[in-house]
Amino acid sequence: MAEPLIKIENVVKQYTRDTQVLTVLDGLSLTVEKGDFVALMGPSGSGKTTLLNLIAGIDRPTRGRILVGDAEVSAMGEGALAKWRSEHVGFIFQLYNLVPVLTAFENVELPLLLTRLSKKDRRRQVETALGVVGLSDRMDHYPRQLSGGQEQRVAIARAIATDPALLVADEPTGDLDAKSGEEILVLLERLHAEFGKTIVMVTHDPKAAARAHRLVHLDKGVLKEDVRAKGEKGEIGVAAAAAIAAGK
Amino acid sequence: MLSIPLKYNVRNLFVRKVTTSLTVLGIALVVAVFLCVMALGEGLATVFTASGSEKNVLVLRQNSQSELQSGIGRDQAPLVKALPGIEKDADGKPIVSAELVVVLNLDKRDGGSSNVTLRGVEEKGMALRPGMRLTEGRAFVPGTSEVIVAESVARRFEGAEVGDEIRFGAYRWKVVGHFDAGGTAPDSEIWTDTEGMANTFQRGGYSSILARTTDRAARDQLVAALAGDARLALDGKVERAYYDEQTATAAPIRFLGFFVGVVMAIGACFGAMNTMYAAVSARTREIATLRALGFSRFSILVSFVLESIALALLGGVAGCALAFLLVKLALSGVTGTTNFATFAEVVFAFRLTPQLLATGIVFSLVMGFFGGLFPAGRAAFTKITAALRQVG
Numbered sequence: 001m002a003e004p005l006i007k008i009e010n011v012v013k014q015y016t017r018d019t020q021v022l023t024v025l026d027g028l029s030l031t032v033e034k035g036d037f038v039a040l041m042g043p044s045g046s047g048k049t050t051l052l053n054l055i056a057g058i059d060r061p062t063r064g065r066i067l068v069g070d071a072e073v074s075a076m077g078e079g080a081l082a083k084w085r086s087e088h089v090g091f092i093f094q095l096y097n098l099v100p101v102l103t104a105f106e107n108v109e110l111p112l113l114l115t116r117l118s119k120k121d122r123r124r125q126v127e128t129a130l131g132v133v134g135l136s137d138r139m140d141h142y143p144r145q146l147s148g149g150q151e152q153r154v155a156i157a158r159a160i161a162t163d164p165a166l167l168v169a170d171e172p173t174g175d176l177d178a179k180s181g182e183e184i185l186v187l188l189e190r191l192h193a194e195f196g197k198t199i200v201m202v203t204h205d206p207k208a209a210a211r212a213h214r215l216v217h218l219d220k221g222v223l224k225e226d227v228r229a230k231g232e233k234g235e236i237g238v239a240a241a242a243a244i245a246a247g248k
Numbered sequence: 001m002l003s004i005p006l007k008y009n010v011r012n013l014f015v016r017k018v019t020t021s022l023t024v025l026g027i028a029l030v031v032a033v034f035l036c037v038m039a040l041g042e043g044l045a046t047v048f049t050a051s052g053s054e055k056n057v058l059v060l061r062q063n064s065q066s067e068l069q070s071g072i073g074r075d076q077a078p079l080v081k082a083l084p085g086i087e088k089d090a091d092g093k094p095i096v097s098a099e100l101v102v103v104l105n106l107d108k109r110d111g112g113s114s115n116v117t118l119r120g121v122e123e124k125g126m127a128l129r130p131g132m133r134l135t136e137g138r139a140f141v142p143g144t145s146e147v148i149v150a151e152s153v154a155r156r157f158e159g160a161e162v163g164d165e166i167r168f169g170a171y172r173w174k175v176v177g178h179f180d181a182g183g184t185a186p187d188s189e190i191w192t193d194t195e196g197m198a199n200t201f202q203r204g205g206y207s208s209i210l211a212r213t214t215d216r217a218a219r220d221q222l223v224a225a226l227a228g229d230a231r232l233a234l235d236g237k238v239e240r241a242y243y244d245e246q247t248a249t250a251a252p253i254r255f256l257g258f259f260v261g262v263v264m265a266i267g268a269c270f271g272a273m274n275t276m277y278a279a280v281s282a283r284t285r286e287i288a289t290l291r292a293l294g295f296s297r298f299s300i301l302v303s304f305v306l307e308s309i310a311l312a313l314l315g316g317v318a319g320c321a322l323a324f325l326l327v328k329l330a331l332s333g334v335t336g337t338t339n340f341a342t343f344a345e346v347v348f349a350f351r352l353t354p355q356l357l358a359t360g361i362v363f364s365l366v367m368g369f370f371g372g373l374f375p376a377g378r379a380a381f382t383k384i385t386a387a388l389r390q391v392g
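Going line by line, the protein sequences match chains A and B.
Position one of the first sequence corresponds to residue 1 (my numbering), numbered consecutively onward.
Position one of the second sequence corresponds to residue 1 (my numbering), numbered consecutively onward.
When the alpha-carbon atoms are kept at most 27 Å apart in a straight line, the in silico DSS-like pairs for lysine-lysine are as follows:
#1 Lys120(A) - Lys83(A)
#2 Lys383(B) - Lys220(A)
#3 Lys83(A) - Lys7(B)
#4 Lys93(B) - Lys81(B)
#5 Lys7(A) - Lys383(B)
#6 Lys383(B) - Lys83(A)
#7 Lys119(A) - Lys7(B)
#8 Lys124(B) - Lys237(B)
#9 Lys108(B) - Lys174(B)
#10 Lys88(B) - Lys237(B)
#11 Lys83(A) - Lys7(A)
#12 Lys120(A) - Lys7(B)
#13 Lys207(A) - Lys34(A)
#14 Lys220(A) - Lys207(A)
#15 Lys93(B) - Lys124(B)
Label-pair restraints from in silico Cβ distances:
#16 Lys7(B) - Lys34(A): 35 to 41 Å
#17 Lys383(B) - Ala239(A): 36 to 42 Å
#18 Arg16(B) - Arg123(A): 25 to 31 Å
#19 Arg389(B) - Ala178(A): 18 to 24 Å
#20 Pro5(B) - Ala239(A): 43 to 49 Å
Treat the hints as calculated values from the structure; they're not laboratory data.
Positions of the beta carbon are idealized from the N, C-alpha and C atoms, including for glycine.
Start from the sequences and build out the full structure, keeping to the hints where you can.
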């Protein structure tokens, strides 16, 4: 078995609304190996997005420990977390979250502005990233001039521009038609297989989950099911994913 | 490490064209009004500060604040003229002018009337005011009820062209010339000769005596001599200092300029603040994304403050242009106000100096900074997790 990249130990996440305490994650433990492709599934309110946010370091647990690589993410301060994210995590969102006033090139360049790279090196990396997602010819287009699928590919290029080990994706195909969604899934699979990225993806869609190599099913803040595909490079498969999604 | 690129903010300003334009217009108007009032104060201050020589000593009755309050006896004049320190001309005559000042109420060209200073001077009167020159006609002949009129007065008052007759009550003066004093105090005056004027108004004395000294030491000697002579009961003031004291007239206008400017600026600040709050809430998800990518709170704060400052800068530049046009086109002519010490009208022009324009720009930047600070703070403290999924 490969070495672990993410270690989640007894994590509790609670929100206080007025006087009510809402427990979203209830003592969850999970380990994700380096180079794995994990789908997080579960009904609304099961805590899957919260778990993703905790792993990505944009939220902090109420109790418990989260380690990603050498970093104890759960113990880091605001500023340190921001710096850590810029170096180690690539984000892919359901609504792409591109900056509308910046071109595709400038959007992909954004995370590189936080590095010490020269302008020339930044340009090279942006071009490489846009090449990987197949949008080398759309560099000077603004997001409004792109289709939804193209926008998401630019967003993926932005996520991989700094070459982080971990990619987190929150419903990456949720806002796309079937064909564009399929293209995005193929791309994610390639990033996993060819570039060795560890991917953690939240999804509702059994077709998306089917591409993953491991399926973690959450319900009411606890781990309900944890399924691994058989064999080294196998996928979960649509039937299995659909069955798990249906809670069978 | 670089921060969020400025083009991000500038392009956002151009994306929301309407709100940006309205905010820019608001700030521009504030800056323009502020600059116009300040240009007024500046123009007024110039009249006095440019007036008066360091070498001239103005002799007034003890404790008089202005020439109008002062009175010097006819018998005192020769004593003053004989005091040490006064410069002599080639013929050995002292360069001195005993003068008489009366305020006339004359009809203005655009209706109404206003006070103008009529000054009687002696032979050396003009020589004592360097920079003063005749622009039309000739000098008056003493003892003939002839006058010369400042160009800027001639432009504003009835019957002051060369050849015209100035009437005041039963008095008549023939205008024989125009002069220009380069924006100094005589530009608000009408001049005639002291003796003729004393006869006309049956005055037994003078208002003041102006004397030129050879140098600073001689000047101080003359001032000391006047102060030391208890019989004369006269004060000697350096002419420049006398006019500096009169500049107090411009102070309330400058205060008004600042006051009006600051009050309006606070209003414009709220305008900018409103625009920036709207911008921040419209871009909540975008801001959360930038934070997720690893941009710090501080760089978000700086970015939005800069956006607000850029917005205000556009307004500042537009305001300067507006004020410039206003002063050039609408306020270019000379205008008048009352000198509260003499109650005579002071003629001056609006002066929009480069320094004032720079002040206008700085003023707009300050508005942008304060207008942007709180919205930028809200942006910086956006909660990433909730904002990331916000639709819209």
